[in-house]
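Mind docking chain B on chain A? Use the hints.
Number of protein chains: 2
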Amino acid sequence: MPGVILCRILKSARRREAWEVPEVASMDDCELCQDPLITEKGLDHPQKIAELDVSTAILNRDWQYYRGSALLVFQDHVTELHHLEPEMRHRFMEDACRLAAAVEKTFQPHKLNHAVLGNSVPHLHWHLIPRRQSDPHPTQAIWENDFPQLSLGDEELRALAEQIRTNL
Amino acid sequence: MPGVILCRILKSARRREAWEVPEVASMDDCELCQDPLITEKGLDHPQKIAELDVSTAILNRDWQYYRGSALLVFQDHVTELHHLEPEMRHRFMEDACRLAAAVEKTFQPHKLNHAVLGNSVPHLHWHLIPRRQSDPHPTQAIWENDFPQLSLGDEELRALAEQIRTNL
Chain A
0 MPGVILCRIL KSARRREAWE VPEVASMDDC ELCQDPLITE KGLDHPQKIA
50 ELDVSTAILN RDWQYYRGSA LLVFQDHVTE LHHLEPEMRH RFMEDACRLA
100 AAVEKTFQPH KLNHAVLGNS VPHLHWHLIP RRQSDPHPTQ AIWENDFPQL
150 SLGDEELRAL AEQIRTNL
Chain B
0 MPGVILCRIL KSARRREAWE VPEVASMDDC ELCQDPLITE KGLDHPQKIA
50 ELDVSTAILN RDWQYYRGSA LLVFQDHVTE LHHLEPEMRH RFMEDACRLA
100 AAVEKTFQPH KLNHAVLGNS VPHLHWHLIP RRQSDPHPTQ AIWENDFPQL
150 SLGDEELRAL AEQIRTNL
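Sequence lines, in order, name chains A and B.
End of the first sequence = 167 in numbering that gives the first Met the number 0, gap-free, step of one.
End of the second sequence = 167 in numbering that gives the first Met the number 0, gap-free, step of one.
This is chain A alone, in the form it adopts within the complex (with noise of 0.2 Å):
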């Protein structure tokens, strides 16, 4: 079931203990690995943006709240920024920015956030959030207050997805 296990990556931190910390070595063992969301390339998924560079674009199922927010899935399990080669983490900078520079253009936010955790599940994968003035808490850190999970459906999240493809 694509985009099942990322939607999961993305809600387990709240459920997990200290004890619970994924120790994961290898891409075997990691979900993003396994995904077919990020493993089947092409535009099929409705959160499927764009296949970049070095990375794949997909909407943040549970973020749309902060409509647009988008993550890239760089295309190896490698676990910290600073473990690629420059050339390779300059390219998924590259990446983020075009993708940075697309959801600009598709919603003019106020303001965009960029995140590099991997806490939950660590596999590099770089979050973008566009930030608007209109936001309940807007120079807060979008993980200070609880904010609602929308149940976009699978047209929107398309529709979605091509707006910012079309920018890209």
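Some clues are possibly wrong.
The list treats identical chains as interchangeable, and a pair is accepted whether it falls inside one copy or across any two copies.
Below, simulated EDC-like cross-link-like pairs (lysine to aspartate or glutamate); rule was C-alpha separation at most 20 Å, straight line [claimed, not checked]:
hint, residue 1, residue 2
1, 40, 50
2, 104, 79
3, 104, 93
4, 104, 75
5, 104, 84
6, 104, 28
7, 40, 30
8, 40, 153
9, 40, 86
10, 104, 155
FYI, nobody ran anything at the bench for these hints, they're computed from the structure.
Showing chain B alone in chain A's frame:
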């Protein structure tokens, strides 16, 4: 009072309301552009880790519950990562990765978190937060839960900055 402004910006998010979102159009209005911790070069300030290629690396005074938390302040007043020319953002990325490697060598954290937010102070800066398995909520973003604001003294900060600096 070097550092006071920077401390303030990192605390100020919680107090501001929607209508107070800063509109910082130029360096003349920017707190970071005016902060002596950034403008005065050299290592005199207890929070200062190093002057890097295109940014200043400093300890985050308020986040030392996550020991070693630091940030890189970009040398010019820019608000968004993708507004930089590719060469500049690559150099900024290299500064971030150099600091990340030093923080990793110094503290051997379980994970490193990166965040480029700028909601409260929209002058490009890059947060680096070492995460441990002993963190109270190791799989969550640090903003999801309150954490103590440790009051490290200047000598403690200097020692911490020096530890990281020797591993750069």
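Here is how each hint holds up against the structure:
1. For the homomeric pair residue 40 and residue 50, the shortest alpha-carbon distance inside one copy (7 Å) is at most 20 Å, but the shortest distance between copies (43 Å) is not.
2. In this assembly of identical chains, residue 104 and residue 79 lie within 20 Å of each other by CA distance solely across copies; the values are 13 Å between and 29 Å within a copy.
3. In this assembly of identical chains, the alpha carbons of residue 104 and residue 93 lie at most 20 Å apart only when taken from the same copy (16 Å versus 27 Å across copies).
4. Proximity of residue 104 to residue 75 under the C-alpha cut-off of 20 Å is found in neither arrangement, the shortest distances being 29 Å within a copy and 23 Å between copies.
5. Taking the closest pair of Cα atoms, residue 104 and residue 84 come within 20 Å of each other only across two copies (17 Å); inside a single copy the shortest separation is 30 Å, beyond that limit.
6. Proximity of residue 104 to residue 28 under the C-alpha cut-off of 20 Å is found in neither arrangement, the shortest distances being 37 Å within a copy and 26 Å between copies.
7. In this assembly of identical chains, the alpha carbons of residue 40 and residue 30 lie at most 20 Å apart only when taken from the same copy (17 Å versus 45 Å across copies).
8. Within a single copy, residue 40 and residue 153 get their C-alpha atoms as close as 18 Å, which meets the 20 Å cut-off; across copies the closest is 53 Å, which misses it.
9. In the homo-oligomer, the alpha carbons of residue 40 and residue 86 never lie at most 20 Å apart, since the shortest distance is 23 Å inside one protomer and 30 Å across protomers.
10. Proximity of residue 104 and residue 155 under a CA criterion of 20 Å is satisfied intra-copy only: 19 Å inside one chain copy versus 45 Å between copies.
Violated hints, listed in ascending order, are 4, 6 and 9; each of the other numbered hints is respected by the structure.
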